[in-house]
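Residue numbers (my numbering), protein chains in the order written: chain A, 771 to 982; chain B, 175 to 500.
There's no promise every hint is true.
If you anchor each label on the Cβ, the simulated ranges turn out as follows [claimed, not checked]:
(1) K368/B x Y799/A: 30 to 36 Å
(2) L189/B x T851/A: 49 to 55 Å
(3) L361/B x E902/A: 36 to 42 Å
(4) V798/A x K368/B: 29 to 35 Å
(5) V952/A x L204/B: 49 to 55 Å
(6) Q831/A x Q478/B: 33 to 39 Å
(7) K394/B x E885/A: 38 to 44 Å
(8) Y803/A x S388/B: 46 to 52 Å
(9) T211/B x I883/A: 47 to 53 Å
(10) V212/B x K777/A: 58 to 64 Å
In silico lysine-lysine, DSSO-like type, Cα no more than 27 Å apart, as pairs [unchecked claim]:
(11) K261/B x K817/A
(12) K394/B x K780/A
(13) K394/B x K370/B
(14) K811/A x K261/B
(15) K776/A x K370/B
(16) K835/A x K920/A
(17) K326/B x K806/A
(18) K786/A x K370/B
(19) K875/A x K982/A
(20) K830/A x K982/A
(21) K966/A x K482/B
(22) K875/A x K835/A
(23) K825/A x K949/A
Keep in mind that the hints were calculated from the coordinates and are not lab data.
Positions of the beta carbon are idealized from the N, C-alpha and C atoms, including for glycine.
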Amino acid sequence: MPLLEKKNNKTLSWLKYGIGSAVVLLLVYNSVYFRKLDEVKAEASGKFDAAAFAKTFLEKQLTPKLATAPDIDELTTLLSTDKNKAFEMYSHATAIGNIRYFLVKGQGTITQINENDLTIQTPKQQLTLAMEFIYGNALRDASGEFDITKFTKTADINNVSSELNKLIRASVVFPFRPKAKVGDTVQFAGAIALNKEHLNLTEIEVVPASLK
Amino acid sequence: MQTTLETQKQRLSKLQPLIALFVLCLIIGLLSDKFFTVSNFWNVLRQISVNICLSVGMTLVVLMAGIDLSVGSVLALCGAITAGLFKMGIELPSQNLYIGFTLLGASLAGVLTGALLGFFNGFVITRFKVPSFVATLAMLTVARGLTMLWTKGFPISGLGEQFAYMGTGWFLGVPVPVWISAVVVALAVFLSDKTKLGRYIYAIGGNENASLLSGININKVKIIVYTIAGALAAVGGLMVTSRLDSAQPNAGTGYELDSIAAVVIGGTSLSGGKGSIWGTVLGAIIIGVLNNGLVLLNVSPFWQQVVKGFVILLAVIIDKANSKNG
Numbered sequence: 771m772p773l774l775e776k777k778n779n780k781t782l783s784w785l786k787y788g789i790g791s792a793v794v795l796l797l798v799y800n801s802v803y804f805r806k807l808d809e810v811k812a813e814a815s816g817k818f819d820a821a822a823f824a825k826t827f828l829e830k831q832l833t834p835k836l837a838t839a840p841d842i843d844e845l846t847t848l849l850s851t852d853k854n855k856a857f858e859m860y861s862h863a864t865a866i867g868n869i870r871y872f873l874v875k876g877q878g879t880i881t882q883i884n885e886n887d888l889t890i891q892t893p894k895q896q897l898t899l900a901m902e903f904i905y906g907n908a909l910r911d912a913s914g915e916f917d918i919t920k921f922t923k924t925a926d927i928n929n930v931s932s933e934l935n936k937l938i939r940a941s942v943v944f945p946f947r948p949k950a951k952v953g954d955t956v957q958f959a960g961a962i963a964l965n966k967e968h969l970n971l972t973e974i975e976v977v978p979a980s981l982k
Numbered sequence: 175m176q177t178t179l180e181t182q183k184q185r186l187s188k189l190q191p192l193i194a195l196f197v198l199c200l201i202i203g204l205l206s207d208k209f210f211t212v213s214n215f216w217n218v219l220r221q222i223s224v225n226i227c228l229s230v231g232m233t234l235v236v237l238m239a240g241i242d243l244s245v246g247s248v249l250a251l252c253g254a255i256t257a258g259l260f261k262m263g264i265e266l267p268s269q270n271l272y273i274g275f276t277l278l279g280a281s282l283a284g285v286l287t288g289a290l291l292g293f294f295n296g297f298v299i300t301r302f303k304v305p306s307f308v309a310t311l312a313m314l315t316v317a318r319g320l321t322m323l324w325t326k327g328f329p330i331s332g333l334g335e336q337f338a339y340m341g342t343g344w345f346l347g348v349p350v351p352v353w354i355s356a357v358v359v360a361l362a363v364f365l366s367d368k369t370k371l372g373r374y375i376y377a378i379g380g381n382e383n384a385s386l387l388s389g390i391n392i393n394k395v396k397i398i399v400y401t402i403a404g405a406l407a408a409v410g411g412l413m414v415t416s417r418l419d420s421a422q423p424n425a426g427t428g429y430e431l432d433s434i435a436a437v438v439i440g441g442t443s444l445s446g447g448k449g450s451i452w453g454t455v456l457g458a459i460i461i462g463v464l465n466n467g468l469v470l471l472n473v474s475p476f477w478q479q480v481v482k483g484f485v486i487l488l489a490v491i492i493d494k495a496n497s498k499n500g
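Bound-form chain A, shown alone (with noise of 0.2 Å):
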């Protein structure tokens, strides 16, 4: 009788073994495809070019918007005496919501070096330069000529955001950042997003699109 129940439980054991295999056999099989490197690349290259878009973006209609963008000393003057017409006259969004952006420029000194951003003492404020982590739609949706109709898909207008971050952390920040001191001058350009109805003028970061 024990050698019966034995083998019986040797039996359930392997049933066991054999139906968790074949489980994990189906959900891998499930779960991973295999192709050739060469044609998945040729397959993409057909597909919406983010990174093409966004620099063509950036050169044709980002910059030459930055030349008229308000200087942010008036535009937070502005905000504070004004906050209706600020936001009708210089702020853009693609989205619903408080949070719009704008374009701005300006000039100040570096008053400290931090290590995702720069301290800015402009003459009428302080505020900060993102460095590091270079997020968002800021500067997508600042210029106000991003034209989110032309879109089918949400991830191409996701994919444009993210390819100018790319872009502007490559060709603008890696480029000035070895080189800035404290005491610094530093002309910039980009923009910020304000939320129109907790609207904080104390903590203002720019993301640049320009560093001279």
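On the provided structure of chain A, position chain B as indicated by the hints.
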């Protein structure tokens, strides 16, 4: 007579989170006409789904008198790994080979990563006797760093409609994230109330030495619980990534605090051995309703943090008072 009074007191203390939720809903409902609407109801449930997943794992850990501070970072890493594998796969140029991942494959890889990180937490805590606070604090930094390395500091976006279904879709008239969190809660309730492992978790939290002497393999139980907590953080990561259609490198920052808050408000004792999954679910709903109410009432985000902080403090003070009286 005194025993009846004590029983009534205990019952009342168990009902406290429910009473708090009722009062909170009533106050917000009176102050905002948008609160008691169907769309807001689903909105709140959808928002708390992620916190419920994290908090359920956190409850199991806290019941053993531990803590897991890494859940927010693990959530971000697992979300990023899932998104990265699903969108870009793995390229092996030397072999001219592309390994693509289906939604199932990428999701499994994400959850396995979470489980692995949780296992590592448990291993460090049990093998090297590192306090859970320190071990998981270290993992918080490690996982965040790995997320930055994996994503190169940029969001991975454009994951497509199929991926978005997990975070934004509806099934039988209920949002998919709510289904996922309901399944997680059901499994966790079963585990904690109906299995040997569940009883061991309570026993270890109640008295670790006594559990050891009674023959419970404490290290094994701890490793299993941290592994579960990691896997559930990964599930939360999948939901966040799917909902945003993007894996953000800084996703989940501060989520560990919300999940600890849900656990504490739900009546689970931070010293272990006492508490329940249902209490945590209530705690998560309270946090969710509070967040939602403060937004509807147009309270500044800075004040929202202050209010939440005081609510957690109040919950702990009440818990302490109950323990003293009980």
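Query - Hint numbers contradicted by this structure - result: none
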